[in-house]
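A.B. asks: In case you want the letters, here they are:
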Amino acid sequence: MSGGVGESVRRPDGPAKVRGEFCYAGDLTAEGMLIGATLRSPHPHARITRIDTRAARALPGVLAVLTADDVPGDLHFGLTLRDEPVLADGVVRYAGEPVAVVAAVDAATARRATQAIEVGYEPLPAVTDPELARDGTPLHPDGNVYRHVSYGCGDPDARGVVTVENTYRIGMQDPAFLAPEAGLAQPTADGGVQLEVATQWLHSDQKQIGWATGLPPEKVHVQLGGVGGAFGGREDVTLQVHACLLALATGRPVKMEYTREESFLAHRQRHPGTIWLRHSADADGKLISVEGRVLLDGGAYASTSPVVITNTVTLLQGPYRVDNGRFEGWSVRTNNPSCGAMRGFGVPQAAFAHEAQLDALAAALGLEPLEIRLRNALQRGDVATYGQRFDAPTPVREVIEGLQAIPLPEGIPRKAPGGVGRSAEGGEIRRGIGYAVTIKNLAFSEGHVDESTAEVSLCDGHATVHTACAEVGQGFVTVAEQVARTVLGASTVEVTQPDTLIASAGSTSASRQTMASGTAVHRACLAVRDRLLDRVARAHGLDAAELTVADGVVCAAGKPLTTVAEAAPGQIFRATEHFQHPDTYALGSPEARMYVGYGFSAQRAVVDVDVELGLVSVVQVASCQDVGAVINPTQLLGQIEGGIVQGMGLALMEAVVVRDGLITNPDFQDYLIPTIVDAPEVVSTYVTDPQPGMPHGWKGVGEPPLCTAVPVVAAAVRAATGLPLPSVPIKPEHIALGLGTAPTVSWTTPRPADPARAAQVVVDEEPRDALGTMAEEGAAPARH
Amino acid sequence: MLLAAPLFALPETPPEALAALADRPGAVVVAGGTEVMPDLLWRTRTAAGFVSLRRVAALRGIARTDGELVIGATTPVAALTSAPDAGLRAAASSLGTPLVRTEATIGGNVISALPYRNLLPTLLAGGATLELTSATGSRAVPFDGFITAPGRTGLAEGELLTAVRLPAHRGFADYTKVGRRNAQFVATVSAAIVSRDGGARLAFGNAAPIPFRSDDVDTAATALLDGQASAADLQAAVAAAVDPPEDTIASADYRRHALGVLAVRLVTRAAVDGGLGA
Ligand SMILES: Cc1cc2nc3c(=O)[nH]c(=O)nc-3n(C[C@H](O)[C@H](O)[C@H](O)COP(=O)(O)OP(=O)(O)OC[C@H]3O[C@@H](n4cnc5c(N)ncnc54)[C@H](O)[C@@H]3O)c2cc1C
Numbered sequence: 001m002s003g004g005v006g007e008s009v010r011r012p013d014g015p016a017k018v019r020g021e022f023c024y025a026g027d028l029t030a031e032g033m034l035i036g037a038t039l040r041s042p043h044p045h046a047r048i049t050r051i052d053t054r055a056a057r058a059l060p061g062v063l064a065v066l067t068a069d070d071v072p073g074d075l076h077f078g079l080t081l082r083d084e085p086v087l088a089d090g091v092v093r094y095a096g097e098p099v100a101v102v103a104a105v106d107a108a109t110a111r112r113a114t115q116a117i118e119v120g121y122e123p124l125p126a127v128t129d130p131e132l133a134r135d136g137t138p139l140h141p142d143g144n145v146y147r148h149v150s151y152g153c154g155d156p157d158a159r160g161v162v163t164v165e166n167t168y169r170i171g172m173q174d175p176a177f178l179a180p181e182a183g184l185a186q187p188t189a190d191g192g193v194q195l196e197v198a199t200q201w202l203h204s205d206q207k208q209i210g211w212a213t214g215l216p217p218e219k220v221h222v223q224l225g226g227v228g229g230a231f232g233g234r235e236d237v238t239l240q241v242h243a244c245l246l247a248l249a250t251g252r253p254v255k256m257e258y259t260r261e262e263s264f265l266a267h268r269q270r271h272p273g274t275i276w277l278r279h280s281a282d283a284d285g286k287l288i289s290v291e292g293r294v295l296l297d298g299g300a301y302a303s304t305s306p307v308v309i310t311n312t313v314t315l316l317q318g319p320y321r322v323d324n325g326r327f328e329g330w331s332v333r334t335n336n337p338s339c340g341a342m343r344g345f346g347v348p349q350a351a352f353a354h355e356a357q358l359d360a361l362a363a364a365l366g367l368e369p370l371e372i373r374l375r376n377a378l379q380r381g382d383v384a385t386y387g388q389r390f391d392a393p394t395p396v397r398e399v400i401e402g403l404q405a406i407p408l409p410e411g412i413p414r415k416a417p418g419g420v421g422r423s424a425e426g427g428e429i430r431r432g433i434g435y436a437v438t439i440k441n442l443a444f445s446e447g448h449v450d451e452s453t454a455e456v457s458l459c460d461g462h463a464t465v466h467t468a469c470a471e472v473g474q475g476f477v478t479v480a481e482q483v484a485r486t487v488l489g490a491s492t493v494e495v496t497q498p499d500t501l502i503a504s505a506g507s508t509s510a511s512r513q514t515m516a517s518g519t520a521v522h523r524a525c526l527a528v529r530d531r532l533l534d535r536v537a538r539a540h541g542l543d544a545a546e547l548t549v550a551d552g553v554v555c556a557a558g559k560p561l562t563t564v565a566e567a568a569p570g571q572i573f574r575a576t577e578h579f580q581h582p583d584t585y586a587l588g589s590p591e592a593r594m595y596v597g598y599g600f601s602a603q604r605a606v607v608d609v610d611v612e613l614g615l616v617s618v619v620q621v622a623s624c625q626d627v628g629a630v631i632n633p634t635q636l637l638g639q640i641e642g643g644i645v646q647g648m649g650l651a652l653m654e655a656v657v658v659r660d661g662l663i664t665n666p667d668f669q670d671y672l673i674p675t676i677v678d679a680p681e682v683v684s685t686y687v688t689d690p691q692p693g694m695p696h697g698w699k700g701v702g703e704p705p706l707c708t709a710v711p712v713v714a715a716a717v718r719a720a721t722g723l724p725l726p727s728v729p730i731k732p733e734h735i736a737l738g739l740g741t742a743p744t745v746s747w748t749t750p751r752p753a754d755p756a757r758a759a760q761v762v763v764d765e766e767p768r769d770a771l772g773t774m775a776e777e778g779a780a781p782a783r784h
Numbered sequence: 001m002l003l004a005a006p007l008f009a010l011p012e013t014p015p016e017a018l019a020a021l022a023d024r025p026g027a028v029v030v031a032g033g034t035e036v037m038p039d040l041l042w043r044t045r046t047a048a049g050f051v052s053l054r055r056v057a058a059l060r061g062i063a064r065t066d067g068e069l070v071i072g073a074t075t076p077v078a079a080l081t082s083a084p085d086a087g088l089r090a091a092a093s094s095l096g097t098p099l100v101r102t103e104a105t106i107g108g109n110v111i112s113a114l115p116y117r118n119l120l121p122t123l124l125a126g127g128a129t130l131e132l133t134s135a136t137g138s139r140a141v142p143f144d145g146f147i148t149a150p151g152r153t154g155l156a157e158g159e160l161l162t163a164v165r166l167p168a169h170r171g172f173a174d175y176t177k178v179g180r181r182n183a184q185f186v187a188t189v190s191a192a193i194v195s196r197d198g199g200a201r202l203a204f205g206n207a208a209p210i211p212f213r214s215d216d217v218d219t220a221a222t223a224l225l226d227g228q229a230s231a232a233d234l235q236a237a238v239a240a241a242v243d244p245p246e247d248t249i250a251s252a253d254y255r256r257h258a259l260g261v262l263a264v265r266l267v268t269r270a271a272v273d274g275g276l277g278a
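Top line first, the protein sequences correspond to chains A and B.
Sequential numbering from 1 applies to the first sequence in the working numbering.
Sequential numbering from 1 applies to the second sequence in the working numbering.
Just so you know, these hints were derived from the structure itself, not from any lab.
Backbone N, C-alpha and C fix where the C-beta goes; we use that ideal spot for every residue, glycine too.
Don't take each hint at face value.
[What the hints assert, rightly or not] Examples of chain B residues toward chain A, derived with CB under 8 angstroms:
hint : residue
1    : Phe50
2    : Ser52
3    : Thr176
4    : Asn182
5    : Ile210
6    : Ala250
7    : Ala258
[Unchecked claim] The following label-pair restraints were derived from C-beta to C-beta distances:
hint : chain 1 : residue 1 : chain 2 : residue 2 : range
8    : A       : Asp52     : B       : Leu40     : 25 to 35 angstroms
9    : A       : Asp52     : B       : Thr46     : 19 to 29 angstroms
10   : A       : Asp70     : B       : Leu7      : 34 to 44 angstroms
11   : A       : Lys17     : B       : Asp243    : 46 to 56 angstroms
12   : B       : Pro150    : A       : Gln115    : 53 to 63 angstroms
13   : B       : Ala63     : A       : Ala742    : 28 to 38 angstroms
Just chain A, with the same shape it has in the complex:
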């Protein structure tokens, strides 16, 4: 069947995007539409002494000015802790926090109205150091520690012959999607509200809009608007609730669209963090023990900070077998911008640190970088430091060997660091080659129910697929189309715009939508196919069990009978099917099952470095990734290339610079993302060991390439310069002026693991149920 699973089916929205005709959420309009605007706090921490909206309300053309007092429902929202006010509640906790929103006849009037609102602030000390915040006075009634995790396994005091330790720092990365937040809210005839919005998670928006408006879910309709990139930055609510409140207050459609600066202020960034790691290995490079401590700055409100921290801490072990260890971490509240989901969800931080450690160990022991990784590679059947058994294919060795099989092309042309500035001419360039291997958990974790629902109908060979899965550029649209072609034999497929008329698909995050929504679509297609075959069987007096569909043709005992398109003229077959991954449980639960599954990735980077000026050019990145199955080669390559470029961005240039709680670079002049001139050549190969329980054996692919690209680029720059480079992004001055502390290497007297402490996980806290709305999506897993 042409256009089925395994083919490079083209995106249906591709031509419109290339021609500039695609309707992004920012392009939405409605008759009589008002424009909404937001007044934000200029202070990272202040008490609000008064808000006077009279002058703003009096301006001609202003139809609504709302503050916290005007929120009819529950003032608080949030993905986990519900600690964030829809509009500031007496105190502002970060610079950019929404204080009031207005709706007016046009953008200029709306902006003038925000300027006419008088707000009295009494500035409070801004706590911007996460370490001080952790141990300091609470900045919020809920306290400053979003989550503390601490556990150990085996004998953490066991030692090999060599021990290396260092502290690593990761900067704050912005998702930097190209289309800023936008949405259009309209009051509905039943007293409810309808929102078209660029989002990652329709039902989470619906729920949080319901809290604030006091409306029941059936009166809050959310539909996906055209999304221009997301990367996690659209998982939290930004303007969704505001737009709906304004539409309800005015009785008119209200559109909101952020400027680039507002976008930086409003959405969640990747957590900056500090990670201390100590690895001990025997003379062969085998890991004897690993100890780690993590501090992530979650910023002013919780978002997903309580979930991100467990990812970072538990995956500090990397894709390596670690029998003895001790791990601890905190995500904390500060007066910095709030951090939350971003592609990799806590793992790029861990990966950057553990891979630097592996290289340091290899260097100390005189081993090749890949050799030490092969000697420690996780295998199926191994048990993670947090007690979960790797019970599905765990092809760490295979991705490393796959990477080794990619030849290092001879005489790769130099790609001068400094690019068009031509600063390298007359200087010396050094080439470096680095390696990294990572593990990324896939799907929701720790009891956050991971499910989706799909409705598929078929009529005369035309299939319609309906889910609530947000297409944010990742390619779910083509996956759904391909499945409908392969399973149903549909000749044409329409994937309808996602909305909340169907049950939740969960977030488009965690590399999960092919696994969750793709599987729901697959099941619904199977059900529709069976209904069609039943009908054909009855019409032809045959046994349905003998009928099959292949390439759009219905066959009886292998012989063509009719085509799917002609099998039942005018008849509509429809089915709705649900999929849910097996339950997961909190860290420390007796079930010892935190994660649904994993993806593994190995990369090699070749860089050219102008050491004197500290400039880097990434020449080539080779990748071998564990992908389960290749569903769409072009889309898959897009994920690999995009992840690598975004990861090299974090490694070399992307940093939201926050000074005293203020973002100094909320624009694309000073927040640099890689251009196509910076993008390396990417060579991508795959390990396809099917994921059990998944159609075609597919698994998530979107996050691993980013997780690996951060450490691999850093490793290559270290190889070129001989510098320790313990922080990303690596700034030119780190290289040129040789800044950064090298790992401490100590030769230790071997101390074998105490057998009495072997092979058990000890968690220093009570496991708790998954927090908040992510769990509220479905039934909480049963606890024993």
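Chain B with the ligand: place on chain A using the hints.
C.D. replies: What follows is chain B with the ligand alone, placed relative to chain A:
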């Protein structure tokens, strides 16, 4: 001609442009608009009206006269990428993106007067002269000293920059800039060189609040070219002379270091590529 429009004028000749400006106090001159438009968008500039130079054909184009290149003020940067001056070509080629270069003009770059703008070190190293025209006539002022502070110049009220004059030379000229990615970046630091008759003249971007050069640096650069001094001597001379900014992009220490490195590399190129070395 749209001279009658109250807020927006589209003159076609220099005198019309000057008259349009005189009629609109507080109006902003717009050439390519690649500075003006973002400034308006980010509200770092207000305008009581606009005088566009887009249709003033006489201000556009490059001519060669009496040992000088005369570059009309609204000549687009894209045209400079093939100008008969290697320094200008290099500085123009690394400015912005192809789209920006099509609109951006040399005049806008000069009047923006920011120390990191691409063309400025080249004009300073090359000893450029500016032609400033007002209703009462034209005057020529050296580019060196024209910029007095970031964003401030010696342009008088009601005056237009009409041309940039650059002495033609047969020596070696080049420009280079450093940033954190490989294209479309603001210079963290930059440097230009013009080398002829055995001497080297260097100028720097983001080495001080205004485009910067110094006799001491040129003496050290010339000595390096002659084999009379070492690269380290030139780097030391640069480090002693410059006063670069410290910001979140880079430390002053890095800039001081990188300016010295760029100086050495440009002199090395003059010696090797220009065949000028001792
Ligand atoms: C995406 C982007 C990237 C950029 N990258 C770079 C870069 O890499 N390097 C760089 O140097 N610049 C860069 N710029 C800035 C800008 O493009 C240049 O400075 C350009 O040369 C400005 O020229 P313009 O004609 O567009 O100026 P305009 O915006 O038209 O004018 C700039 C200023 O000069 C005044 N002015 C213009 N012409 C005259 C005149 N003849 N007489 C009197 N006053 C005049 C205007 O009133 C205004 O104050 C970039 C801009 C953008 C938008």
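A.B. asks: Could you run down the list of hints and mark each one as holding or not?
C.D. replies: We went through each hint and held it up to the structure:
1. Phe50: violated (18 angstroms)
2. Ser52: violated (23 angstroms)
3. Thr176: Interface hint status for Thr176/B: holds (5 angstroms vs cutoff 8 angstroms).
4. Asn182: holds (3 angstroms)
5. Ile210: Nearest chain A Cβ about 21 angstroms off; hint violated.
6. Ala250: Interface hint status for Ala250/B: holds (6 angstroms vs cutoff 8 angstroms).
7. Ala258: Hint holds; Ala258/B Cβ to chain A Cβ min 6 angstroms, cut 8 angstroms.
8. Asp52/A with Leu40/B: 25 to 35 angstroms: holds (30 angstroms)
9. Asp52/A with Thr46/B: 19 to 29 angstroms: Between Asp52/A and Thr46/B, where Cβ atoms are some 26 angstroms apart, the hint holds.
10. Asp70/A with Leu7/B: 34 to 44 angstroms: Hint holds: Cβ distance 39 angstroms, inside 34 to 44 angstroms.
11. Lys17/A with Asp243/B: 46 to 56 angstroms: holds (47 angstroms)
12. Pro150/B with Gln115/A: 53 to 63 angstroms: Roughly 27 angstroms apart at Cβ, these two residues miss the hinted range, so it is violated.
13. Ala63/B with Ala742/A: 28 to 38 angstroms: violated (59 angstroms)
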